[in-house]
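Quick note, the sequences are listed as chains A and B, same order.
Counting from 1, one number per residue, gives the positions in the first sequence under UniProt numbering.
Counting from 1, one number per residue, gives the positions in the second sequence under UniProt numbering.
The reader is advised that the hints may include incorrect statements.
Selected chain A positions facing chain B (Cβ under 7 Å, derived; list incomplete) [as the list claims (entries may be wrong)]:
1. 131
2. 147
3. 148
4. 151
5. 152
6. 153
7. 188
8. 192
9. 218
10. 326
11. 349
12. 351
13. 356
With a Cα cut of at most 30 Å, we get these calculated BS3-like pairs of lysine-lysine [as the list claims (entries may be wrong)]:
14. B:445 - A:341
15. B:133 - B:175
16. B:133 - B:445
17. A:133 - B:133
18. A:272 - A:380
19. B:136 - A:136
20. A:252 - B:252
21. A:225 - B:341
22. B:380 - B:21
23. B:225 - A:225
24. B:225 - A:252
25. A:431 - B:341
26. B:274 - B:248
27. B:380 - B:33
28. B:445 - B:252
29. A:136 - B:133
30. A:21 - A:61
31. B:431 - A:341
32. B:136 - A:133
33. B:252 - A:225
Hints were generated in silico from the structure; no laboratory data involved.
All C-beta atoms, glycine included, are put in the ideal place defined by N, C-alpha and C.
Protein chains: 2
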Amino acid sequence: MKKKKPGDDPIYLQVAEGLEKMIGDETLKIGDKLPSVRMLSEEYGISMGTAFQAYYHLEGKGLIESRPKSGYYVRFNLRRLPGLPHKAVEPEPVATEVSVAEMITNVFQRTSREDFVNFSVAAPPISLLPAAKLNKSLVHALRASRNHGLQYEHSQGNPGLRRQLALLAFHWGGKYAAEDVVVTAGCMEALVMCLKATTQPGDTVAIENPTYFGIYQVIESLGLKALEIAVDPLTGIDPQQLETLLQKFPIKACVFVPTFSNPMGSCMPDEKKKALVQLITRHQIPLIEDDIYGEMYFGRHRPRTCKSFDTEGWVLYCSSLSKSLAPGYRIGWIIPGRFTKRVIQLKMMHTVSGTTLTQEAIAHFLSIGRYEYHLKKLRKALHTQCLRYQQGILQYFPPDTKVSRPQGGFVLWVQLDRQLNAYRLYREALKHNVSVAPGQVFSAKGQFGNCLRLSYARPWDAEVEEALRILGSLIRKMSK
Amino acid sequence: MKKKKPGDDPIYLQVAEGLEKMIGDETLKIGDKLPSVRMLSEEYGISMGTAFQAYYHLEGKGLIESRPKSGYYVRFNLRRLPGLPHKAVEPEPVATEVSVAEMITNVFQRTSREDFVNFSVAAPPISLLPAAKLNKSLVHALRASRNHGLQYEHSQGNPGLRRQLALLAFHWGGKYAAEDVVVTAGCMEALVMCLKATTQPGDTVAIENPTYFGIYQVIESLGLKALEIAVDPLTGIDPQQLETLLQKFPIKACVFVPTFSNPMGSCMPDEKKKALVQLITRHQIPLIEDDIYGEMYFGRHRPRTCKSFDTEGWVLYCSSLSKSLAPGYRIGWIIPGRFTKRVIQLKMMHTVSGTTLTQEAIAHFLSIGRYEYHLKKLRKALHTQCLRYQQGILQYFPPDTKVSRPQGGFVLWVQLDRQLNAYRLYREALKHNVSVAPGQVFSAKGQFGNCLRLSYARPWDAEVEEALRILGSLIRKMSK
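Just chain A, same shape as in the assembly (with noise of 0.2 Å):
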């Protein structure tokens, strides 16, 4: 893909980004009255609408904001967001009654409540999701499909639906056709599917501290011994940790979220994804790579994957839709490189295929270019959302909070007092309706037990703010 030149960018985005620098370098300090839209516009030659445009998205990351009647002022200053959570050292006493297992039970049960602002699942409301056009793609299927979807799919998945999603991994360098791509009941499956596919009961699998409940959850229902790397709040797991780990341990495959992992949200950058792919090639160990949030991204361009630098098929890339476009519709993939035949294989026998209809659907909702122009519109919502949260949490959690900065995906990882027990304060807050992740859910071992999860994924709005404040009192009644 050709790399975008900075001229390539719309205008109003240049004088943004210029005005968006003076603000980081305090040359507009938060509470500065910005110029005129008038002044704006003749200062740098623009017109009015570029220059409205430029204040409107500023507007929209948070960093300024209009006062009715006198202009625009500085809001927000990025450099002030809170110090990062610590990468994981060794486990930390954890005081509570009731087990890990436990824990995920009772917090995610409740997730449908409506009545909640719930902070703890890390998946999209359905008010930022295309329902109408994805209905029209289902009665398109329902109309176009020879047997009414009611016939079998094929195990690897519908023939479309695989070139559609082939041509996905064009945005992070990827070339690939319909043959290589199996369709997957969401990537929790895509997941299962490669660990059996990579390993035997007994083995060991390195994946990331803290990582997804769901990993090690069903790495030790499959008889699997998990091997934990802690994560670097920005930038993910280390190549070089993993080597020497390698020389201690029988690891015999890694599942690891190199990009926007969850719950650190942090994203290994290119040289490090290209040195791990390296590593795992040297020692021909399975690299399973979850890529389901690589495509909410708040950058300019897509992170690339690990599998972009995978030359002799030894990475499994996975990924889904239920994060950006429809959770209930449970459509996953995996790219499994040299294991592709067994992959299928797999498919076949625990599953025998995927729902015919949905994926005629969806083939039909890509080929038409809707995801690409839905995406653009959820990337932008869910940066905005995540830069006024991280407000959000400035003003009202005690001031020694430190919080996540992702680049992407759904979730704030936020490190509290270290007395502070968090499943203690997830079940103070459900007294108030508010819902959120304890840390200890995190970890196989119950690390993590004064941090939190915080998802983002619900716009900005009053209820919001209020619950914020609820857990912020509750943190600090907490702490003394």
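Put chain B on the given structure of chain A with help from the hints.
Below, chain B alone, put in the same frame as chain A:
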């Protein structure tokens, strides 16, 4: 459920049964002319319409045929069915060049080719499914669903669907509520979840011999060992034999298809089912009951399930709508008894949840009584086809051919000359665009090399007849 008295049946059915008995005891021989419709009506004191209905019924069963401008003639006598195939004795020598796994791939990857007469797949043709009505239910679901089916479904399954599936158990005397049911992606996922809930890698699981290859493949893929128990062509597995084996082997679970086993078509009588459940309950060994064909019965009443004798929760009942209603919708379910909590956890871990819209659509379809209506037609069609195919085999295959006598389901099990290699026959038949399932694939060790599984799912027509004729002549040629 109240048992029907004979007097409950419509009069035409009583008349037809009387005639069937006369054909059975050869009072009426093949080729005999039957009384005219008018004579029949006078003889029995019934209306002409009722008399016609009786003949129509017997014609549907393939017992009589109408000759233009002449009347009805006896066409077939059920007593003249071919002999029954044998139970498995010991592994027979198999002279093939390919592994069983390769055979399975070869045979079943071609299933969607439309220029084939395909006897290899045990699934309903789309022409026998209520496509238009299902479409209506899907569009209804799209409109009625709060979030257009975009949200994650409950891991346990849509509550309305679970209620409807619980009600289906009424037909075999089961009384369950929505909480007792777990929805899965078809019956295969149901079996996998049940096996995972009840066993550890390395455990031994008792299965039928012959059995559906999907069962021993998935057992192997889960790191389990399969112990095969011979199936009687009429009465299925023998609980006493299982009891003997329990003394010798550390069996940790059983996977049986007690009603219309695949490929044998046998149905365990009630007292055997009851004895089996008592046995496994005494030994506290979970019985995974695959009842996927249970609703496709040809007799007057739905056979009871093992689950209906289960008082202690050791039976995990599995079924699906893939064979009876909508393969592509991927709707299966489990009533897991004492393993319910564990099964729900596994479902959550492995695929999170099922497809929201198809679950909603099927819930609607079942709730308005359409399924029952459809099943009545499907059962009748399958019964007719079963008899017609048996006649076809009698007509075109060598006289020593043995054929199963299923009382339900989709398939005939055909035993040929000991010298014949069914996989070679499969390959020869393929050259004539006819596909059959060679017996070898129905046991892990490649037994049954001289058997075929022949599906009668496709309604009888000239092409089917021609395909059977071709098979017959290939068999004669290869047996020489």
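- Keeping to a limit of 30 Å between CA atoms, is the pair of residue 133 (chain A) and residue 133 (chain B) held or broken? holds, 24 Å
- Is the interface hint for residue 188 (chain A) satisfied, with its Cβ closer than 7 Å to some Cβ of chain B? It holds, given that the least Cβ distance between residue 188 (chain A) and chain B is near 5 Å, below 7 Å.
- Query: Holds or violated: is the Cβ of residue 326 (chain A) closer than 7 Å to a Cβ in chain B?
  - Reply: It holds, given that the least Cβ distance between residue 326 (chain A) and chain B is near 5 Å, below 7 Å.
- Query: If you draw a straight line from the CA of residue 445 (chain B) to the CA of residue 252 (chain B), is it 30 Å or shorter?
  - Reply: holds, 21 Å
- Query: Is residue 225 (chain B) within 30 Å of residue 252 (chain A), Cα to Cα?
  - Reply: holds, 24 Å
- Query: Taken at face value, is the distance from the CA of residue 136 (chain A) to the CA of residue 136 (chain B) at most 30 Å?
  - Reply: holds, 15 Å
- Once the shortest beta carbon distance from residue 148 (chain A) to chain B is found, is it less than 7 Å? Constraint on residue 148 (chain A) satisfied, holds at 4 Å.
- Query: Would the stated hint for residue 152 (chain A) survive a check requiring a Cβ distance to chain B of less than 7 Å?
  - Reply: Since the shortest Cβ distance to chain B is 5 Å, the answer is holds.
- Given residue 218 (chain A) was flagged as interface, is its beta-carbon under 7 Å from a beta-carbon of chain B? Since the shortest Cβ distance to chain B is 5 Å, the answer is holds.
- Message: Checking one constraint from the list: CA of residue 252 (chain A) to CA of residue 252 (chain B), max 30 Å. Satisfied?
- Response: Between residue 252 (chain A) and residue 252 (chain B) the Cα gap is close to 29 Å, so the pair holds against 30 Å.
- 30 Å Cα cutoff - pair residue 274 (chain B), residue 248 (chain B): Measuring from Cα to Cα gives roughly 23 Å; hence the hint holds.
- Message: Does residue 341 (chain B) sit within 30 Å of residue 225 (chain A), going by the straight-line distance between their CA atoms?
- Response: holds, 23 Å
In summary, the one numbered hint that this structure violates is 16.
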